[in-house]
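A.B. asks: Each chain, written out:
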Amino acid sequence: MTGKGPTISPMKVLLVEDDEGVASALTELLGQTGADVTCAGRGSDALHRVKDCDLVLLDLGLPDMDGLDVLRTLRRASAVPVIIMTARDSDGAVVLGLRAGADDYLVKPVRKAVLLARIDAVMRRMRRAVGETATPAGPVLAGPVSVDRERREVTVNGIPQSLTRTEFQLLSTLAGRQGEAVSREELMLEVWGTAVVGRSRSLDFFVGQIRAKLAGLPLQTVRGFGFRLDS
Amino acid sequence: MGPRVRAVLVALLLMVIAALAIPLALTLADRRTDGLAIERNRQLAALADAAAVPGAPLQALVERYRQVYGERLLITDSDGQTLAADGLDPADPDVVTATGRALVDAPALSWSALRPWDERRLLSTAAIRRDGEVVGTVVLEVDSAGAVREIAAGWMWLAAGGLAILAVAVVVARILTRWVLRPMTGLERAVAEMTEGVAGRPADVAGPPELRHFTAAFNSMAQVVRASLDRQRRLVADASHQLRNPLAAVRLRADTLETYVAEEGRPTYDSLTAQLDRFENLLQQLMRLARAEQVSGSRQAGLASTAEECTDLDDVIAERRAFWEPVAARHGQQLRCGPECSGARVQVARHEVEQLLDVTVDNALRYAGDGAVVTMSTAPAADTVDLIVSDDGCGLPAEDLARAAARFWRGRDDSAGTGLGLAIAAEIAAGHGGTISVEQAPEGGLLIRFRLPSAGAAPC
Numbered sequence: 000m001t002g003k004g005p006t007i008s009p010m011k012v013l014l015v016e017d018d019e020g021v022a023s024a025l026t027e028l029l030g031q032t033g034a035d036v037t038c039a040g041r042g043s044d045a046l047h048r049v050k051d052c053d054l055v056l057l058d059l060g061l062p063d064m065d066g067l068d069v070l071r072t073l074r075r076a077s078a079v080p081v082i083i084m085t086a087r088d089s090d091g092a093v094v095l096g097l098r099a100g101a102d103d104y105l106v107k108p109v110r111k112a113v114l115l116a117r118i119d120a121v122m123r124r125m126r127r128a129v130g131e132t133a134t135p136a137g138p139v140l141a142g143p144v145s146v147d148r149e150r151r152e153v154t155v156n157g158i159p160q161s162l163t164r165t166e167f168q169l170l171s172t173l174a175g176r177q178g179e180a181v182s183r184e185e186l187m188l189e190v191w192g193t194a195v196v197g198r199s200r201s202l203d204f205f206v207g208q209i210r211a212k213l214a215g216l217p218l219q220t221v222r223g224f225g226f227r228l229d230s
Numbered sequence: 000m001g002p003r004v005r006a007v008l009v010a011l012l013l014m015v016i017a018a019l020a021i022p023l024a025l026t027l028a029d030r031r032t033d034g035l036a037i038e039r040n041r042q043l044a045a046l047a048d049a050a051a052v053p054g055a056p057l058q059a060l061v062e063r064y065r066q067v068y069g070e071r072l073l074i075t076d077s078d079g080q081t082l083a084a085d086g087l088d089p090a091d092p093d094v095v096t097a098t099g100r101a102l103v104d105a106p107a108l109s110w111s112a113l114r115p116w117d118e119r120r121l122l123s124t125a126a127i128r129r130d131g132e133v134v135g136t137v138v139l140e141v142d143s144a145g146a147v148r149e150i151a152a153g154w155m156w157l158a159a160g161g162l163a164i165l166a167v168a169v170v171v172a173r174i175l176t177r178w179v180l181r182p183m184t185g186l187e188r189a190v191a192e193m194t195e196g197v198a199g200r201p202a203d204v205a206g207p208p209e210l211r212h213f214t215a216a217f218n219s220m221a222q223v224v225r226a227s228l229d230r231q232r233r234l235v236a237d238a239s240h241q242l243r244n245p246l247a248a249v250r251l252r253a254d255t256l257e258t259y260v261a262e263e264g265r266p267t268y269d270s271l272t273a274q275l276d277r278f279e280n281l282l283q284q285l286m287r288l289a290r291a292e293q294v295s296g297s298r299q300a301g302l303a304s305t306a307e308e309c310t311d312l313d314d315v316i317a318e319r320r321a322f323w324e325p326v327a328a329r330h331g332q333q334l335r336c337g338p339e340c341s342g343a344r345v346q347v348a349r350h351e352v353e354q355l356l357d358v359t360v361d362n363a364l365r366y367a368g369d370g371a372v373v374t375m376s377t378a379p380a381a382d383t384v385d386l387i388v389s390d391d392g393c394g395l396p397a398e399d400l401a402r403a404a405a406r407f408w409r410g411r412d413d414s415a416g417t418g419l420g421l422a423i424a425a426e427i428a429a430g431h432g433g434t435i436s437v438e439q440a441p442e443g444g445l446l447i448r449f450r451l452p453s454a455g456a457a458p459c
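Just so you know, the sequences run in chain order A and B. Numbering-wise (numbering that gives the first Met the number 0), the first sequence opens with residue 0 and increments by one. Numbering-wise (numbering that gives the first Met the number 0), the second sequence opens with residue 0 and increments by one.
Next comes chain A alone, as it looks inside the complex:
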């Protein structure tokens, strides 16, 4: 164990941990290395705060819901790297955790050097993966509708349409992944900043608004999952 821990580049870490002692120790430790740490003691808080995070450190034993459920919900919404850090150490638990979508699995107690090295490794993999899939620039065409995300402009047959901020965000998220089904959770996270769908119908309301304003838009509902924008 080296005296001076390696610093990790300034990044936003969401720490999901209900044990205050561990949470504050981790906050201090990660803070020292230059990370910006947000703490969530409950699974539902975590899902509300996960937006724009670079990394999630997840404990499995949470007071309100199981960490694995948090992870599964999160995975439907986002591809953010998740490292599970928990006291459960059976082989079965490790397999379940990794299968549920975790990028790494650490069993408490963890040495500082090990933790930082693992975080580095996960982030490295992540950066490599992101580099490969660059989002295409330029306007997206979907039927008679053209969505230009740089200019924040939407036209139908060349005629500009006025959309509210939420409507535009929703449409541009779908347009960014044209031809792919996008889950409700992901849309909620992108537009409202929470991965919890709950019983909220606002997503359906705004989708209805978009369909009404942009006649002929090939926006399909994927039953039980989310929506898809065809070309």
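Note that these hints are calculated values from the structure, not bench results. One thing to keep in mind: the hints can contain errors.
Residues on chain B that point at chain A, a partial pick, calculated with CB under 7 Å [claimed, not checked]:
id: 1; residue: H240
id: 2; residue: L251
id: 3; residue: R277
id: 4; residue: E279
id: 5; residue: L281
Computed, partial: chain B to chain A, Cβ under 8 Å [stated by the list, open to error]:
id: 6; residue: R243
id: 7; residue: P245
id: 8; residue: L246
id: 9; residue: A247
id: 10; residue: A248
id: 11; residue: R250
id: 12; residue: D254
id: 13; residue: N280
id: 14; residue: Q284
id: 15; residue: M286
id: 16; residue: R448
Don't be surprised by glycine CBs; every beta carbon is placed ideally from N, CA and C.
With chain A fixed as given, assemble chain B onto it according to the hints.
C.D. replies: Frame of chain A, contents of chain B only:
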């Protein structure tokens, strides 16, 4: 107890049946005999009356009687001279005696009761009187075959009835004793399971009320005992699990602190982290022990089966040897394998055999001293296989051998160990119906022997 109760019941019943059926049978025979005697006496009287008429056609009478009834007759005069006869020889001594008795008007002999096996000759006589004077006798040889047959049939019916009652009684006794005894076998099973530490299903509450109360009481006792055992088992797992969070926090804080530790505080800091390492190690071992206990508990309860597991010991030994070789080399120690290709296979999961080897080899390398030679070998027997790890180190004093596999037992000069390694190994072995024994090795050091169930000779 069942056969004894049945025997007593059957014996008693036999006596009752005998006491009732034998007098009944005798009465039956008496009545039939009396009936026969009365009937024949009446016929004889009629014959005597007919013969008393002077000049009666006696020979015709005799022959006609024989035609109708099939019984033989003899009529004599008062001097015993034959007047008419059909089939009966007047010179027959029995007939002569009977005639003599009749002529002196002696009272007729009463017949003793007939028996089914009787083939007695019954002679009945009557005096022929004319004007109150005996002028001759009629002798009749009574055919008792019909009556004897009837008596035999009656006795057969009685015997059949008695046997039927006896059979019913045996069946009832059987049902009764089973009703009483079945809960006992259930209890016996439950007690046996409890003794082995197996959580089986509770004993059936059945049988007579006393047994019901007892069984119910036993079941609730078993439940309490089992629950407390479970709690005890879980306590270790839960406690060590709960300790992980604070330990993780302390560990992270200590690691964070390292940057700020001044030179004079360095030794203190180092010993602090060393103790933390020990703490972590102990906690991990405790978790392992709790898990091994849980697994062996569920195996014993039949929740998990071990039958389909099959591990080739030679293979695992070779693999673990490769793993531990560098560790051994560091202290100039040697790892050896016993005779190769013994082909021993055990009904234990591979990762568990690995754990057994790891614990024992780690122990041996740690305590046998520099330059020691550690040997891993197998010794197949009929349906078990011995997995043996021995060393030529200093070994243990004889009084410590028995305690070495106990929980938290550590050698006198051992300050770093947790005292749980062999306890975990023992628990894993016990979970598969195996045993562990700690012995003096022939080469001088310590020998750990696991006796594990063999998986037969077929390749895994």
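A.B. asks: So, for every hint listed, does it hold in this structure?
C.D. replies: Hint check results:
no.	hint	verdict
1	H240	holds (6 Å)
2	L251	holds (4 Å)
3	R277	violated (13 Å)
4	E279	holds (6 Å)
5	L281	violated (12 Å)
6	R243	holds (4 Å)
7	P245	holds (6 Å)
8	L246	holds (5 Å)
9	A247	holds (4 Å)
10	A248	holds (4 Å)
11	R250	holds (4 Å)
12	D254	holds (3 Å)
13	N280	violated (11 Å)
14	Q284	violated (12 Å)
15	M286	holds (7 Å)
16	R448	violated (28 Å)
This entry does not satisfy hints 3, 5, 13, 14 and 16, going by the numbered hints stated previously.
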